[in-house]
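Peer 1: Protein chains in written order, with my numbering: chain C, 1 to 177; chain G, 178 to 593; chain F, 594 to 985.
Some clues are possibly wrong.
Lysine to aspartate or glutamate pairs mimicking DMTMM-like chemistry, simulated, CA-CA at most 25 Å apart [said to hold, decoys possible]:
#, chain 1, residue 1, chain 2, residue 2
1, C, Lys152, G, Asp570
2, C, Lys9, F, Asp684
3, C, Lys152, G, Asp556
4, G, Lys334, C, Asp50
5, C, Lys9, F, Glu641
6, C, Lys69, G, Asp556
7, G, Lys308, F, Asp682
8, F, Lys798, G, Glu200
9, G, Lys308, F, Glu655
10, C, Lys144, G, Asp567
11, C, Lys9, F, Glu958
12, F, Lys728, C, Glu7
FYI, nobody ran anything at the bench for these hints, they're computed from the structure.
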Amino acid sequence: MALTYREIKPGRKPFKRTYLTVMLWVMGRAVQAASRVDREVMQEVSELPDGFAFALGIVARGPHMVLAKREDGRLHYLGQQLDAAESPLRLEFKHLESGFLTFTFQEKTPVAVARDRLVVDGEAAYACAVVRILDRVQVYLLPKPLAKLAVKRYPRWPFIMKCYNRTRIYWRTLLGY
Amino acid sequence: MHMPAYFEYGCGVKIVAGHDALEHIPEMLARLGAKRPLIVTDPGVAGAGLVDILTAAIKDRITIGGVEDGVPPDSSIQTVVAIAEAYRRQTCDALIAIGGGSVLDTAKGVNILVSEDSDDLLAFRGSGTVKRPLRPLLAVPTTSGTGSETTLVAVIKDETRHRKMAFASPFLIPDAAVLDSRMTLNLPPVITASTAMDAMTHAIEAYTCLAKNPLSDVGALNAVKLISRHLPQVMATPEDAEGRLALALAATLAGMAFGNSMVGMVHNIGHALGGVCGVPHGSCMAMLLPYGLEYNHHKNGHLTADLLVPLAGADTYARTPPERRADTVIHMIRELNESLHQACEGRYPRFLKEVRNAGGAQAVPRDALPRVVRAALDDAAILFNPEDLDYDDYILVLEHAWDGRPLDRSLIRRGP
Amino acid sequence: MQLPDQLEFSCPVKLLYGRRALEHLPYEFGARNVRRPLLLSDEDAVRENRMRALTDALRASEIELGAVEPPAQGIDLDLVHELAAIYRDRDHDALLVMGGGALMDLAKLVNIVVSTGQDDPAGFGASNGIAQRLKPMALIAPAAASGGEASGHVKADRIELQSIHLMPDLAVIDERTVGAPDQKAVLNAGLTALAFGVEAMLGAKRNPMVDIYAANAVQMAMAALQSAAEMPVALTTRMLTASATVMAGCILAGKAPGKLHRLGTCLAATGRLSFSEALGVLLPAAVTLEAHKHGRVPARLLSALMGLERSSGTPVGQRSLLAATALMSLLNDLYRLTEGRLPRNLRDAGFEPDDLAAVCAAFDETAGDGDQDAAMVMLQQALDGKPNQSGC
Ligand SMILES: [Fe+2]
Chain C
1 MALTYREIKP GRKPFKRTYL TVMLWVMGRA VQAASRVDRE VMQEVSELPD GFAFALGIVA
61 RGPHMVLAKR EDGRLHYLGQ QLDAAESPLR LEFKHLESGF LTFTFQEKTP VAVARDRLVV
121 DGEAAYACAV VRILDRVQVY LLPKPLAKLA VKRYPRWPFI MKCYNRTRIY WRTLLGY
Chain G
178 MHMPAYFEYG CGVKIVAGHD ALEHIPEMLA RLGAKRPLIV TDPGVAGAGL VDILTAAIKD
238 RITIGGVEDG VPPDSSIQTV VAIAEAYRRQ TCDALIAIGG GSVLDTAKGV NILVSEDSDD
298 LLAFRGSGTV KRPLRPLLAV PTTSGTGSET TLVAVIKDET RHRKMAFASP FLIPDAAVLD
358 SRMTLNLPPV ITASTAMDAM THAIEAYTCL AKNPLSDVGA LNAVKLISRH LPQVMATPED
418 AEGRLALALA ATLAGMAFGN SMVGMVHNIG HALGGVCGVP HGSCMAMLLP YGLEYNHHKN
478 GHLTADLLVP LAGADTYART PPERRADTVI HMIRELNESL HQACEGRYPR FLKEVRNAGG
538 AQAVPRDALP RVVRAALDDA AILFNPEDLD YDDYILVLEH AWDGRPLDRS LIRRGP
Chain F
594 MQLPDQLEFS CPVKLLYGRR ALEHLPYEFG ARNVRRPLLL SDEDAVRENR MRALTDALRA
654 SEIELGAVEP PAQGIDLDLV HELAAIYRDR DHDALLVMGG GALMDLAKLV NIVVSTGQDD
714 PAGFGASNGI AQRLKPMALI APAAASGGEA SGHVKADRIE LQSIHLMPDL AVIDERTVGA
774 PDQKAVLNAG LTALAFGVEA MLGAKRNPMV DIYAANAVQM AMAALQSAAE MPVALTTRML
834 TASATVMAGC ILAGKAPGKL HRLGTCLAAT GRLSFSEALG VLLPAAVTLE AHKHGRVPAR
894 LLSALMGLER SSGTPVGQRS LLAATALMSL LNDLYRLTEG RLPRNLRDAG FEPDDLAAVC
954 AAFDETAGDG DQDAAMVMLQ QALDGKPNQS GC
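Construct all of the structure, not just a fragment, from the sequences and the given hints.
Peer 2: So, in structure tokens, the structure goes:
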């Protein structure tokens, strides 16, 4: 009996990877911007220890956004390489595809968590703070219908504050300061 | 049947339960290829004579390599390393953990070190770092509550860095959980009641929170049914071995449910209350459970309503109009708390203001609530709660729970 | 719920169900230190695009796959050894099975050989002879399943083995690999899973742990069977069928099959109806008989069969009648749907009263545990599909 044997080597998913790379870049710079603009995010960041770093991305060698708190008390975007910071808190999707579902708003973030699509590696207390920061940034970054898909309870913020901060965060995200 | 678009379910632990389940341990270990187990426990369990019951049940048919009974209330790296040392010195080849969560977590840590032949526990922290089968580990729970015998995680404290470290791997699941009615037969009433309410909360939160799935749902409903039927009986007749075994099974069922479907705000606030004010975990669960259901009502009231079946029976469920079922469930849990309070002659607290510490002083002063909230904001159980809570929401819930008033639902903020 | 005094339960299977489930495989493999699984798939996998879905899911991961398509016809030891040789020579560290029935049996035998080094799996004896953990095994479950895939049983080529260690570590049910819409396969798989579930929930003292799988086998199979009329069979129907059969395997686990299962095997051995059809026609009788013996049918069984809202108002005394009626009306619907191809009772399958004694005698040989009276009662009731209130 002759059985045919085939080897299937892992390949890549260039399109989805590129999409996620861009989204994580935008998100990373927006978090950096929000830590300079939004009072609540500043408050959250001030309670994190100095040198604290976290990464959001895809497990193994997938794209990430890496941020760290510097002496100025703000978060700094350090790029997409996991080794940009020393042992960061990691929030990682188990698969490129899971990250894609969330970043294309097909699956709410809390739902992705509930569905076991994300792994958290590091101190749980800091993970909670990071989730709150990310929630707030998404409300700024996204139009309301999309942001409602990303957070459990869409907040009622004063209209003026939201518009003003949103504009500032957009500009800072683009320009990276 | 609630089918989420995606879910995972598994429980790798073998369950052996009975009035003489301990007697099965030698053959279970033999099947796992072990001849010389090390018994790991804490001073309380040893002092209560439970280790003696265990050794008497097995010593004729297996050589016990040693008994390590010094596990502290919070498992620590130091203890783990010391017990691993003892394991090697006494050439053991398996572990029996008898006790609660910290004993089992310690034994899991020891198992990592002795199986991987290492002294550096830190190297194995995180999720998925332990990648191969470890030595045989049997868990013998001595309370019917935590359900930790079914989980694949261990939390161990790093005293030098004042951090709690988590270890998670499918290989950390014990080979078996041995539930024996003799282990809980002499539990004092307050412990019996509050640990059972911890298990009840595991089941109810698993059923009503975001990560529910149809398998954990059935386990959760069965657990609620067993607890609501047997807890009052056991309170009235503490030597009821059947009832004790039923509660032990319920706790394990609830553990399997929340091990897969997680918990929500009741555990979230409860962890904080335990950390800040030292209130026992089970008491926190019992006091906060009605408030968790009330706060989430606008999101999951239809799920809370289903709990009327295991709590009160199908007839009552059918007789109660659908829109009143969730409220009836919440009311029944308050009544259960009330009756347990009476059965324990007042030593089972119903509200936060009633909790006393060992010295008799109020354990949760009202001005401690803001500190509790800050701790709750750092607890990850909230991720699986249907509704968000910010500082003001926590204060709202805690103030009601402190006074013992039902939550005023008109004050709960909802999204636009 | 009445509890047994002694209880043992074990189910090592982790279920991954639903949207993008395949994409969770690399993570689960990683946690078990698996890098190079050997895939056994059936011959339709490529044509039905299931192969592409799997390789797509493994892309962007570190998993390297070796793939073989063993021939569909019977399992023999030569084939087992040939596959074991591939596994060893190509340095694989786990087995991945995409497909059901005999393919999974084959994989279980290969696993015994590669894990224990013993060339003859039959050497382990029929029952629980395997003491060690085997290599990691994952099942990508189809809707067209036999119900035994996730269990610890193997039956092939004169070999019959049971062991908890033969159960897969992972069972994956994904929309892209659940298989083509084949109504007959869905009906067969659904009926088998339903019967496994119902049987596990009957009996005076239930096991509340097995109940988790049993109640789900029943409610998932009922939902699938009730929507199997749709053509082509809907995706959700196939997903439910696949998971109901995984539940069935978890119920059986490494235990010996129950009475209903054995009687079904004897009926199927006559060649007049399939194993699943036999289980189907026996089900209402099994419920009635059990209720007669123990006085009641569990409320959970009734709610799994009919839903909580419809079943909750039923008094205890009427539960068995209602459960049997629900099962009979399901059989009637399926009879109509298949234009009479699926039997409602033994007469539909061509049995006459005189045929039953021989089946009963065959049943007695399988166990000899004095259950033949109960078997005869079940067969007589199943002959016309009439509910028998007296029980005898
Ligand atoms: Fe708890």
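Peer 1: Next, verify each hint and record whether it holds.
Peer 2: Hints, verified against the model:
no. : hint                : result
1   : C:Lys152 x G:Asp570 : holds, 14 Å
2   : C:Lys9 x F:Asp684   : holds, 14 Å
3   : C:Lys152 x G:Asp556 : holds, 17 Å
4   : G:Lys334 x C:Asp50  : holds, 22 Å
5   : C:Lys9 x F:Glu641   : holds, 21 Å
6   : C:Lys69 x G:Asp556  : holds, 21 Å
7   : G:Lys308 x F:Asp682 : holds, 23 Å
8   : F:Lys798 x G:Glu200 : holds, 22 Å
9   : G:Lys308 x F:Glu655 : holds, 16 Å
10  : C:Lys144 x G:Asp567 : holds, 20 Å
11  : C:Lys9 x F:Glu958   : violated, 52 Å
12  : F:Lys728 x C:Glu7   : holds, 20 Å
When held up to the earlier numbered hints, the structure conflicts with hint 11 and nothing else.
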